[in-house]
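Participant: These protein sequence lines are chains L and Z, in that order. Using the numbering used here, the first residue of the first sequence is number 24, and each one after it goes up by one. Using the numbering used here, the first residue of the second sequence is number 24, and each one after it goes up by one.
What the hints contain is simulated information worked out from the structure, not anything from laboratory work. Just to be clear, a hint being listed does not mean it is correct.
Since the list gives no way to pick one copy over another, a pair counts as held whenever it fits inside one copy or between any two copies.
Derived lysine-lysine pairs resembling DSS-like cross-links, with alpha carbons at most 25 Å apart [to be verified]:
{"no.": "1", "residue 1": "147", "residue 2": "29"}
{"no.": "2", "residue 1": "29", "residue 2": "185"}
{"no.": "3", "residue 1": "46", "residue 2": "185"}
{"no.": "4", "residue 1": "120", "residue 2": "139"}
{"no.": "5", "residue 1": "139", "residue 2": "190"}
{"no.": "6", "residue 1": "147", "residue 2": "190"}
{"no.": "7", "residue 1": "147", "residue 2": "185"}
{"no.": "8", "residue 1": "122", "residue 2": "139"}
Predicted model, so just to flag it, every value in this text is computed and none were measured.
2 protein chains.
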Amino acid sequence: MEELVKPLQELVDKFRTLEGVGKKSAMRMAFSILDMPDADAFAFAQAILDAKTNIGRCSVCQNISSDEVCPICSSSTRDHSVICVVEDYQAVLAIEKVKEYSGVYHVLHGTISPMKGIGPDQLKIKELLERINSENVQEVIIATNPTVSGEATAMYLSRLLKPCGVKVTRIANGLPVGADLEYADSVTLYRAIMGRHDI
Amino acid sequence: MEELVKPLQELVDKFRTLEGVGKKSAMRMAFSILDMPDADAFAFAQAILDAKTNIGRCSVCQNISSDEVCPICSSSTRDHSVICVVEDYQAVLAIEKVKEYSGVYHVLHGTISPMKGIGPDQLKIKELLERINSENVQEVIIATNPTVSGEATAMYLSRLLKPCGVKVTRIANGLPVGADLEYADSVTLYRAIMGRHDI
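Using the sequences plus the hints, can you model the full thing?
Facilitator: Structure (structure tokens):
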């Protein structure tokens with residue numbers, strides 16, 4: 024009887040398919056399910072179904088949304104002439120948290136990564152070009168992560184978008200607030216120096 | 024738009040109810056669900072329902088089981104005169120992994136813990152007494168964890184069971200194999216010395 028009871032083993036296997044969940048965590052979570060009242064477990068299963076059924080993508084910015092057009096794209100108080108291009112929904116949440124950006128977004132759903140077999144066609148770049156051509160867009164801020172694939176995507180986009188006659192900008196690199204120069208990596212420090220400004 | 028899309032927020036909240044899952048992990052797992060194909064997500068939900076519906080408790084040893092009597096209790100090759108009393112299902116799995124124990128189990132489903140409001144009545148102690156009185160039990164091995172509540176439970180059980188005329192034993196404390204005396208805590212070391220045996 025070394026193996027788990029079959030329905031439990033199946034539940035553990037399902038938890039293991041989630042990102043960042045190992046064997047021990049999956050087991051602990053499966054036991055949490057067993058220990059919770061039936062109603063809570065059923066509500067959990069329902070929440071999974073609801074999320075999959077009710078969440079789609081905004082037809083404008085491609086962000087995940089439960090509406091045809093997301094609240095940001097349908098808002099009249101946002102500046103629709105500035106589009107911030109990000110990799111994923113989490114990036115939108117992070118920027119929204121700052122409460123300073125009033126433009127709209129465009130979610131690529133990934134970055135160009137030949138290693139993973141992801142080329143420009145797999146990203147929502149076509150939709151971005153359509154928006155630039157049809158809407159009155161003044162500026163595109165490229166806010167992909169400052170990683171190898173994020174930078175490559177930024178480079179690709181800037182070359183693609185500049186001929187469209189829009190201003191293309193990239194978020195700044197530099198030292199995070201509260202950091203110590205002693206511990207900063209040299210690429211970051213180099214970019215912080217190159218990106219210096221008058222005070 | 025700082026809040027999450029509602030069905031997503033609800034899914035994140037559900038993941039947070041699982042033991043050991045924090046805000047960031049819950050979010051990451053919810054996104055895994057969104058990213059997986061519909062069929063996989065539906066199978067996930069179904070696995071939760073199946074686990075809750077099909078897993079009950081063995082009527083003899085109280086271990087979780089998908090049958091009325093679990094494979095261990097219904098096995099004719101196990102020694103039914105020796106009962107190993109453990110806190111939970113995970114302990115059964117751990118002992119089974121050793122492949123040396125041939126007796127049967129009794130799962131208490133917790134330990135006596137006045138801090139958490141768990142007294143002997145909330146544990147499967149009544150069922151253990153019934154087994155000792157009705158079956159031909161020779162020895163009860165108390166294998167609750169060597170923690171404060173595990174020790175308290177072991178002490179309680181030994182006082183309760185000794186008058187029943189069965190041999191009551193407790194698993195040994197001592198240094199784990201491969202350990203270093205230098206780093207052993209003094210209680211463990213004390214018990215290792217007190218529990219010394221001839222070689």
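Participant: Now, for every hint given, state plainly whether the structure supports it.
Facilitator: So, going through the hints one by one against the coordinates:
1. When the C-alpha separation of residue 147 and residue 29 is checked against a cutoff of 25 Å, the pair qualifies only between copies, where the shortest distance is 24 Å, while the shortest distance within a copy is 41 Å.
2. In the homo-oligomer, the alpha carbons of residue 29 and residue 185 never lie at most 25 Å apart, since the shortest distance is 57 Å inside one protomer and 37 Å across protomers.
3. In the homo-oligomer, the alpha carbons of residue 46 and residue 185 never lie at most 25 Å apart, since the shortest distance is 48 Å inside one protomer and 40 Å across protomers.
4. In this homomeric assembly, residue 120 and residue 139 never come within 25 Å of each other (Cα to Cα): the closest approach is 30 Å inside a single copy and 38 Å across copies.
5. Proximity of residue 139 to residue 190 under the C-alpha cut-off of 25 Å is found in neither arrangement, the shortest distances being 30 Å within a copy and 62 Å between copies.
6. In this assembly of identical chains, the alpha carbons of residue 147 and residue 190 lie at most 25 Å apart only when taken from the same copy (19 Å versus 71 Å across copies).
7. For the homomeric pair residue 147 and residue 185, the shortest alpha-carbon distance inside one copy (17 Å) is at most 25 Å, but the shortest distance between copies (72 Å) is not.
8. In this assembly of identical chains, residue 122 and residue 139 lie within 25 Å of each other by CA distance neither inside one copy nor across copies; the values are 34 Å within and 43 Å between.
When the structure is compared with the earlier hints, violations turn up for hints 2, 3, 4, 5 and 8 and for no others.
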